[in-house]
Amino acid sequence: MIVADRKPIQEILAMVKADKKILILGCKGCVTVCNVGGVKESEILASTLKIARKQQGKDIDIDVRVLERQCDTEYVAQIKDIVNDYESVVSLACGVGPQFLSEMYKEKKFYPGVNTTFFGGAVQHGIWEERCGGCGTCSIHDFGGLCPIARCAKSLLHGPCGGSTKGICEVNPDTICVWDAIVTKKMAAGEIGDLMGVKGFKDWRSARDGGPRRSIREELIQGNI
Amino acid sequence: MSELKSGSNLEKVLKAGYFAFTGECGPPKGANVAHLKEKFQYLRGCVDAVNVTDNQTAVVRMSSLAASRLMVEEGLEPNFQMVCRDRNRLAMMSDILGAHALGIRNMLCLSGDHQSFGNHPQAKNVHDIDSIQLIALVKKMRDQGKFLNDEVIDVAPKMFVGAACNPFADPYEFRVHRLANKIEAGADFIQTQCIFNMDRFRDFMKQVVDMGLDKRCHILAGVTPMKNAGMANFMKKFVPGMDIPDDLINRLKGVDQKDQAEEGICFALEQIEEFKQMQGVAGVHLMAIEWEHKVPEIAQRAKVLPRPVV
Numbered sequence: 001m002i003v004a005d006r007k008p009i010q011e012i013l014a015m016v017k018a019d020k021k022i023l024i025l026g027c028k029g030c031v032t033v034c035n036v037g038g039v040k041e042s043e044i045l046a047s048t049l050k051i052a053r054k055q056q057g058k059d060i061d062i063d064v065r066v067l068e069r070q071c072d073t074e075y076v077a078q079i080k081d082i083v084n085d086y087e088s089v090v091s092l093a094c095g096v097g098p099q100f101l102s103e104m105y106k107e108k109k110f111y112p113g114v115n116t117t118f119f120g121g122a123v124q125h126g127i128w129e130e131r132c133g134g135c136g137t138c139s140i141h142d143f144g145g146l147c148p149i150a151r152c153a154k155s156l157l158h159g160p161c162g163g164s165t166k167g168i169c170e171v172n173p174d175t176i177c178v179w180d181a182i183v184t185k186k187m188a189a190g191e192i193g194d195l196m197g198v199k200g201f202k203d204w205r206s207a208r209d210g211g212p213r214r215s216i217r218e219e220l221i222q223g224n225i
Numbered sequence: 001m002s003e004l005k006s007g008s009n010l011e012k013v014l015k016a017g018y019f020a021f022t023g024e025c026g027p028p029k030g031a032n033v034a035h036l037k038e039k040f041q042y043l044r045g046c047v048d049a050v051n052v053t054d055n056q057t058a059v060v061r062m063s064s065l066a067a068s069r070l071m072v073e074e075g076l077e078p079n080f081q082m083v084c085r086d087r088n089r090l091a092m093m094s095d096i097l098g099a100h101a102l103g104i105r106n107m108l109c110l111s112g113d114h115q116s117f118g119n120h121p122q123a124k125n126v127h128d129i130d131s132i133q134l135i136a137l138v139k140k141m142r143d144q145g146k147f148l149n150d151e152v153i154d155v156a157p158k159m160f161v162g163a164a165c166n167p168f169a170d171p172y173e174f175r176v177h178r179l180a181n182k183i184e185a186g187a188d189f190i191q192t193q194c195i196f197n198m199d200r201f202r203d204f205m206k207q208v209v210d211m212g213l214d215k216r217c218h219i220l221a222g223v224t225p226m227k228n229a230g231m232a233n234f235m236k237k238f239v240p241g242m243d244i245p246d247d248l249i250n251r252l253k254g255v256d257q258k259d260q261a262e263e264g265i266c267f268a269l270e271q272i273e274e275f276k277q278m279q280g281v282a283g284v285h286l287m288a289i290e291w292e293h294k295v296p297e298i299a300q301r302a303k304v305l306p307r308p309v310v
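Line order of the protein sequences matches chains S and R. Residue 3 in this note's numbering sits at position 3 of the first sequence, and the numbers go up by one each step. Residue 145 in this note's numbering sits at position 145 of the second sequence, and the numbers go up by one each step.
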């Protein structure tokens, strides 16, 4: 899923400082799963903003809505009858949400209420980790099912750098060295040979380097499926 | 002597079977050419080639390409370091051509220290290709006279291709395989990380020799003289991938503060003596970090002077 972190409340207060009536728009997708932009978090943010504004002596009128998703136009369209009731909207979806909203309601202001961070998952309650860099040409099967592009700080393709120590990445003591994990797994399986030889130079056109990406499925467009 | 790949002095010395002795010089944090040239003077005549570091520890310095050229002008031979952190494949190939055009004939291909350790941790890194692919790239440009996309190069760059090896990082069992892969990719010579744990290095070299890697590549053992016990402690605690035995720290601590530098040099000299005899070791790479002025003394006492003229 897409993982996001809360934005500091001061940053959100600064965004809406001139507004007296705002909508907080949550999302039931990934940000609900990672506990940052669902029903509960939207209501908490609304309460926090109200209290903070009251302390500033400037009341604010805040409503809360939570859409099924904010990355589909059919759901984003569900606020068309109410969006003009607000001076601005704080979206708690990932970075996709406030953009879909901005594209559909061109005259309105939409603020990102979270910092979108990575594609990953929860390794334990309250801790999420990155797993995928979205490079567009997945080859994790070549690396014991683990991705060195996303998970090695240097995206190395031929083994751990000289800073790998006791299975930990030199860049962050809380991060495993994914190459240590790959090598350990391959050695245990007697498949060290898979890691030898020079890997093909990666074609980054399928990643963000090729420019903003589109995914087109003709059969869906034609309505065959 | 078989046909030379680049014709660099380092290549000739190694191919002639001499015990090579290379040094290192970090470009200045500025455009202070006078200071750089002053450091060159300590290295002149003491080493076969001088590594010119490429924004080492991710701290911005004068470019390694420019400093390498200044070295050529002063009559010393650079070993131009290039890291994968700061350049994509276009910039790499362009700088490799430029290096050759400027008279540079040795290159060391490195991943590069992560920018989070340096003085611009906010920077975006590149890592378009990794160090093993960079080795293969330089080799392809040299031997096939082609760019990565197979277009023909009009005058191919002739580089003696080097790579690094850290036998002290984890997982240890994989380190010799990573070295083998660098040699397979095309490394002509290897310079190891600073060696302090001699037991581990002996064991590592045994694996290297058993696999016959020393016959396919010239391996230079990395030596860094410790200036004092504080430096040893700092490196042990804060520099990832460094293996500094307590014995060495205790040995440095065991003498007066004013004598610790001499004790550090003595340890380095003992290492060099052993490397001269060690099977599979073709030379020493002396990394006297910000201690270039000590290189003439160390080279003299290590009995590696005069350097061969090939």
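Since the hints were made in silico from the structure, they are not lab data. You may find that some hints are simply not true.
Stated by the list, open to error - For lysine-lysine, the following DSS-like pairs were computed, each having C-alpha atoms within a straight-line distance of at most 30 Å:
hint, chain 1, residue 1, chain 2, residue 2
1, R, K5, R, K15
2, R, K5, S, K199
3, R, K124, R, K15
4, R, K215, S, K186
5, R, K15, S, K185
6, S, K28, S, K108
7, R, K139, S, K199
What the hints assert, rightly or not - The calculated label-pair distances, taken between Cβ atoms and stated as ranges, are:
hint, chain 1, residue 1, chain 2, residue 2, range
8, R, N149, S, T117, 42 to 52 Å
9, R, N88, S, I51, 45 to 55 Å
10, R, E297, S, A122, 13 to 23 Å
11, R, Q279, S, H125, 22 to 32 Å
12, R, P28, S, V39, 54 to 64 Å
13, S, H125, R, E274, 21 to 31 Å
14, S, G193, R, L90, 52 to 62 Å
In this text the structure is predicted, and so the values were computed from the model without any measurement. The beta carbon of each residue, even a glycine, is placed where N, CA and C say it ideally should be.
Results for each hint:
1. R/K5 / R/K15: Holds, at roughly 11 Å.
2. R/K5 / S/K199: Roughly 24 Å between the alpha carbons, so the hint for R/K5 and S/K199 holds.
3. R/K124 / R/K15: violated (40 Å)
4. R/K215 / S/K186: holds (27 Å)
5. R/K15 / S/K185: At roughly 39 Å apart (the allowed maximum being 30 Å), S/K185 and R/K15 break the hint.
6. S/K28 / S/K108: holds (22 Å)
7. R/K139 / S/K199: holds (15 Å)
8. R/N149 / S/T117: 42 to 52 Å: violated (35 Å)
9. R/N88 / S/I51: 45 to 55 Å: The hint (45 to 55 Å, Cβ to Cβ) holds, given that R/N88 and S/I51 are roughly 49 Å apart.
10. R/E297 / S/A122: 13 to 23 Å: Violated - the Cβ-Cβ distance for R/E297 and S/A122, about 58 Å, lies outside 13 to 23 Å.
11. R/Q279 / S/H125: 22 to 32 Å: Given a distance of about 54 Å, which is not inside 22 to 32 Å, the answer is violated.
12. R/P28 / S/V39: 54 to 64 Å: holds (58 Å)
13. S/H125 / R/E274: 21 to 31 Å: violated (54 Å)
14. S/G193 / R/L90: 52 to 62 Å: Since the Cβ atoms of S/G193 and R/L90 sit about 32 Å apart, the hinted range of 52 to 62 Å is violated.
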